[in-house]
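Undergrad: First to last, the sequence lines map onto chains P and W.
So that you can map any letter, position 56 of the first sequence is 1115 in this note's numbering, and since no number is skipped, the others follow by simple counting.
So that you can map any letter, position 577 of the second sequence is 636 in this note's numbering, and since no number is skipped, the others follow by simple counting.
Please note that a few of the clues may not be correct.
To be verified - Just so you have them, the derived chain W footprint on chain P, three or more residues with Cβ under 8 angstroms:
id, stretch
1, 1211-1223
2, 1301-1314
3, 1388-1401
4, 1452-1461
What the hints assert, rightly or not - Computed footprint of chain P on chain W, listed as stretches where at least three residues anywhere in the stretch have a Cβ under 8 angstroms from a Cβ of chain P:
id, stretch
5, 810-821
6, 884-896
7, 899-907
8, 943-957
9, 965-978
10, 1000-1007
What the hints assert, rightly or not - Between beta-carbon pairs, the in silico distance windows are:
id, chain 1, residue 1, chain 2, residue 2, range
11, P, Ile1340, W, Ser843, 49 to 57 angstroms
12, P, Phe1216, W, Ala823, 47 to 55 angstroms
13, P, Ser1111, W, Glu819, 34 to 42 angstroms
14, P, Met1376, W, Ser843, 25 to 33 angstroms
Just so you know, these hints were derived from the structure itself, not from any lab.
Built from N, CA and C at the ideal position, the CB exists for glycine as well.
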Amino acid sequence: MTTAAVDYTRELPVVEGKPHAAELDAAIAAPLDQFPTRTWWISIAVTLTMLSFGVFCIAVTVFEGLGVWGINQPVAWGFDIVNFVFWVGIGHAGTLISAILFLLRQRWRTGIARFAEAMTIFAVMCAGLFPLLHTGRPWLPIYLTPYPNQHGIWVNFTSPLLWDVFAVSTYLTVSAVFWYLGLIPDLATLRDRTTNAVKKVAYSVLSLGWRHSNRHWQHYERAYLILAGFATPLVLSVHTIVSFDFAVAVIPGWHTTIFPPYFVAGAVFSGFAMVQNVLIIVRQTFKLTHIITLDHLEKMNKVMILTGSMVGYAYAMEFFTAWYSGNQFEMFVFINRALGPYAWAYWTMVSCNVIFPQLFWFKKIRRSIPLMFAIGIVVNVGMWFERFVIVVTSLSRDFLPTSWGHYVPTMYDVGILIGSFGLFFTLILLFVRVLPVVSISEVKAVVEGAQPHHD
Amino acid sequence: MVEKRDDMNAPESTYWRSLKELYDGKSVSETKAHEFMSGVTDDFRIDDLGTMSRKQFLALLSASAAFAAAGCNAYRDKGDIVPYTKKPEEVTPGIADYYASTCTGCSNSCGVLVKTREGRPIKVDGNPDHPVNRGAVCPRGQASVLNLYDPSRLRSPEHGSTSGKRGAMSWETVDSEIRKRLRECVGEGKEIALLTNTLTSPTTTKLLAEFGAMFPTTRRYSYELFNDSTRRAAWESCYGTSAPPVIAWEKASVIVLLEADILGTEGNTLEQIRKFAAGRDIMTGDRFNRLYAVEGSVSLTGTNADYRLRLRPDGQLDFVLGLLNEICFVRGEARMDPEILQVASTVSLHALEKNYGLPLTVLTRLVDDLLIHRGTSIVYAGDTLSESLHVAVNYLNEILGNTELYVPGQTLLSHASLSTPAEIQALVARMKEGRVGMVIHCGTNPVYHLPPSVGYREALRSVPTSVSFADAEDETGQWCTYLLPVSHTFESWGDHSVRSGILSLQQPMISPLHGSRQVEAALLTWMSPEGSYSETVYHDYLVNRWEKEVYPRFRSRSDFSAFWLSALHDGVLEEREAEQSGRRFATAALAGVGHSGVAPQFAAGLRPNSYLGDGRYANNGWLQELPHPVSKIVWDNYAALSPATAAELGVQTSDMIEVSVGSAKQTFPVYVQPGQADRFVSIELGYGRTNAGPIGSGVGTDANILLSPASLTGARVFRDVRVKKVSGRYELVSTQEHHGLDTGPLDLKDLGTKRGIIREGTLAAYQEDPEFMVKEHKRPELFSIAKEVEYKGVKWAMAIDMNKCVGCNACVAGCNVENNVPVVGKDQVGRGREMQWIRLDRYFSGSAADPTFTHQPMLCQHCDQAPCENVCPVSATNHSPDGLNQMAYNRCVGTKYCSNNCPYKVRRFNFYNFRDFFADAYYEQDTLALLHNPEVTVRSRGVMEKCTFCVQRIMEARQHAVEQGRPVKGTDVRTACQEACPAQAIVFGDMNDPESEISRYRKHSLGYYVLEDLNVRPNVTYVAKLRNIHTEKVS
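The shape of chain P in the complex, shown without the other chains (with noise of 0.2 angstroms):
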């Protein structure tokens, strides 16, 4: 792992080392081999206390009512719907890696696509907590749906809400399957592997009798393709459609046509960070850093400078924008958010995206374990924050300063955000103890020399 001889005039190699077939199955299905390490139970037993406390605050919120949580007219959306932008943020890197990068065959992307991918599904289930709990009453969420019904009363097409409603699940649904699609073959070698009689029929069943045979992979690469194709909008729509949330509403510092590209920048800015974050720590505890490379990290930090910039420049934008059309309200809004009684996150916002990741365009930074880290970590605590300025400030200081407000966090509302975390973080561990990491079938395919060619 040194720093300074790599060579970019040539492509680099994907997995270092030549590890052979049987190697890099090893290497990929070892944490599944062994029984859970003492690291392992310690962290599932802080994920799921966070997971329970979280359980714990959602059960107090739907019993009590929504008054536990620190909303108020005029901030009516507050932690909820910050934490559901954060969550489904965080689950575009992973379709973005797999199907857009896959197309585009960037074949770096085999070492973190399959990760990435589950991240995107526990993220996007986080993320769907939050629209059912924010609403008064949780346990009338089928009037959401599209339902013939005696009243003839429909659903109500222009509320960009129930477009929420069909793009994130929507969006869960072909993620999923395109991430099971994926799996097949390797729950197949996982199948062939094992020993143990429990494993060997839950990897059979799973791996719908998949043969490895020349017409299954023929198939297998064509579904792929199509998913990947079907996968790849997707990733634009759902985010586009989350900020219609906010775009196509009428207060200022919501109202505006930025929002879709900007909101979708930001998706894929802190969705990397966080993918790069947990891959640090896989690829070190299970000892892949041979399949998940420093040059791949580097590249995803490649990645995260380019968007962090665009949500940067969409920033300025937002400024120039408001100044330049002339209204007061717009104006307002902004000036508020840099000086006014929410200063502090926005300028903890604006350090976090734009500032910090901006250290990326040193090559020593870029590729320093430690120091990624800490900007993964940074981004995923600006890009929170983003969304709560959008949200909250916005709210807070409307039209009619005689209704402004003030929104303060309750206990249950950081309870439910550490909740989801603790959702999120137990899933991954079960995920990575059950299934394999990394693509066992997409890695060999691009170790060096797999491929046939003529020199």
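Add chain W to chain P, keeping to what the hints say.
TA: Same frame as chain P, now just chain W:
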């Protein structure tokens, strides 16, 4: 064989796809029009659904109902519902009955019309036939219905000991014990003290006199925490009668008020607001008064002034003398009587400017105005000011000829004068000496009201028998040996006369809910030698007096029974009294007028509060949660300080200060009140009760303890007050923050006008060019990309005239009662979760030291292009064909998106089931179920709600119209806020009717919409506020 169709060449079947289509085109084309097979329609038209016959439907319906009933027998037992076996003649389920009566919430005795449903009072409105309040009723009157159903009300008499222990007892025992005791007292020669508030009822006065005659050791005492004793005393010394006249405010061109909150807390505010607003009607447009308010504290009236002069009340006598001096000596416009000459000649306008910092230009204009409008101007002093100031004011009006504005033949009556402080102190002394055998508190609470320096509570322990008539145990009842439940106003009979020539009747609409009696009935029972109580005892007494004393005065041609019933029906009788002979000002009264002069020390003013009365409404959540009209603070009183004084003391809002007056001191939270006079603390009385029930106990701070005995009937302005900062903080909670005076980078000043929320101009500009507002604010050209809905029938709209609205909150109170708006409590208001559907927004402009105020009622604007509607994912909020923005509570899932997207932030969310959440479900107890308006859904937790334009009233009007076979008219409906508004500032009706009042308002050149540029097309028009200020340059 296929028959050839006749119309085969009809244009729609030019092309055919099969022979069948060619020859039998109709059925095919019809089938094609439906995507699916026969019987399936494309859209859900209710008419087309189902082919079930009516009989089948009913059979299935009854079967499913039977199954449901059989299956759900244990589900939530709601108690027995028993139908009438004999329907009372006047009660029809679903139809409201109205009873005219009189409100006893304060001593103004306004006429009310109480709406009852199925025999239970649910809403109080003003009696439109009552000449004083004319259909309006104040927040207190509106909310008094809640007291009727207050779960804390006593269920039966209780006996107690001086140690405070108590237990239930029967009325029979009470009767026999008290009867015996009364006779013992007379026998022993011990005093029987009867404590009442101001007596408003001639019959009660007579009854008390008879009681006194029967038990000769009886002495009657009256006190009233808020009273107009100084005004009456001054009147007495000036004119020899203690009945001051009613003022024709509507005729006044110039009004000068000295610490007189005529629109908020003093006098009959309903009448005063109506008359004041009538003098500012741009629709009739012939008169527009000019209001100068001179005050130390910021009153609601002051916020409505064209000119507001900040002056401590102790400097206000000098102010009046300065005016006299200017008018008589400097301008030589009147001759001054020698009695006051010496004093007045020393105060010039320049001195006022120099000593009190009052702007000379305004003072000069004030004097100009008074002189120009001689006879149509009025100078009026507030109840808390001293007698000599009132005398000086009376004199000023006299020399200006303003006495013409005293309404002839209408004076404020007094059946019995209030006890002097000396009399009260003598009573206490006798009680302590054991010379008082019995005290009867007729709904009074002296332990709370009288300052501790009087020592009433200690004295009460030395009285062997003490009786408290009260709704619930209070500070006095707690120490009494008998605690007797008193009937609510709506359970009692009575008559009231507080103004010459006007008699109003009070009748019960419901028989006592609990084992209560009205005071008069109990006294009558004790007066009869044995005889048991009968429900009609006081009714009979009242009727008897009316037959003997009132009926003959009217020389009615009908018999008494018809006379009585028609009086009862109308609730009020007007009687022409003989014009009083010429009033002569006794100049001798002026001899006592001296200088005031402001000392450098702090001064304090103890003011009446806006809604709680003398504290008797403390347990009423609706009133506690009504925002203070000026500060918007709820659930508390506070010490108001000017920004400069607060800075001097180093305190901010919610910090604590200790205020000492003489030896009495009390700690208060500070509220920094822009516009307050410097070094002047004003505090509202009526708070800080210790035993007012679960809602009212411990709300606010008791300031009564700062009163001196002398101030009980004297001035309430204290000089030589010491104020110091003390440690601690007490969070005051308001419904509105103080934006609008902040400077700094955000530049929040004058946002109201900058943002197009409020529009203001001067009267002069309007008179010069009535279209000036339209020219100043070009209406932007706005278009909609969607096809606009046409409203062909009735379309509901509202207009609010900001020239008339004074910001009194009566609309809020009316709306609360009409629409079952829950109480949420102080902590929830602090979190920004108040539920009121209409609110009074307050905007500041100018400096923090001396701001200008604007009040704006804000409610759902029922926008044609409502931003809330298109974001609701379930269409729970949608638009009706008659232009209402509707809420379907059943459908609402509570995403709150609508509220976020509402530019006016008028939507309210049920964060909890507030009835259950607030005060341990205090308002979810059984009796409260009777309170709710059955026409309005009680909203559950998790749903959004907001103003409906009183859709239940619209529906009722429509039902009547359908019954009568005519279309509904705009004038058929009056909303609750409109009904409640004493200023008649709210107009409601059909904007599609070009003849209607509402159309005139919508088309008025001063009419505008709030946030017009957003193109949401509101249906509430605001009429821009005109300020009647001088625009010409001073010469």
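Undergrad: Does each hint hold? Answer for all of them.
TA: The hints, checked one at a time:
1. 1211-1223: holds (count 10)
2. 1301-1314: holds (count 5)
3. 1388-1401: Our answer is that it holds, as 6 residues pass the Cβ test (under 8 angstroms) against chain W, meeting three.
4. 1452-1461: It holds, with 6 qualifying residues against the three required.
5. 810-821: holds (count 5)
6. 884-896: holds (count 5)
7. 899-907: holds (count 3)
8. 943-957: Result for this restraint: holds, n = 7.
9. 965-978: Satisfied; 8 residues make the cut.
10. 1000-1007: holds (count 4)
11. P:Ile1340 <-> W:Ser843: 49 to 57 angstroms: 54 angstroms, holds
12. P:Phe1216 <-> W:Ala823: 47 to 55 angstroms: Between Phe1216 of chain P and Ala823 of chain W, where Cβ atoms are some 53 angstroms apart, the hint holds.
13. P:Ser1111 <-> W:Glu819: 34 to 42 angstroms: 58 angstroms, violated
14. P:Met1376 <-> W:Ser843: 25 to 33 angstroms: Once the Cβ atoms are compared, 28 angstroms apart, the range 25 to 33 angstroms for Ser843 of chain W and Met1376 of chain P holds.
When held up to the earlier numbered hints, the structure conflicts with hint 13 and nothing else.
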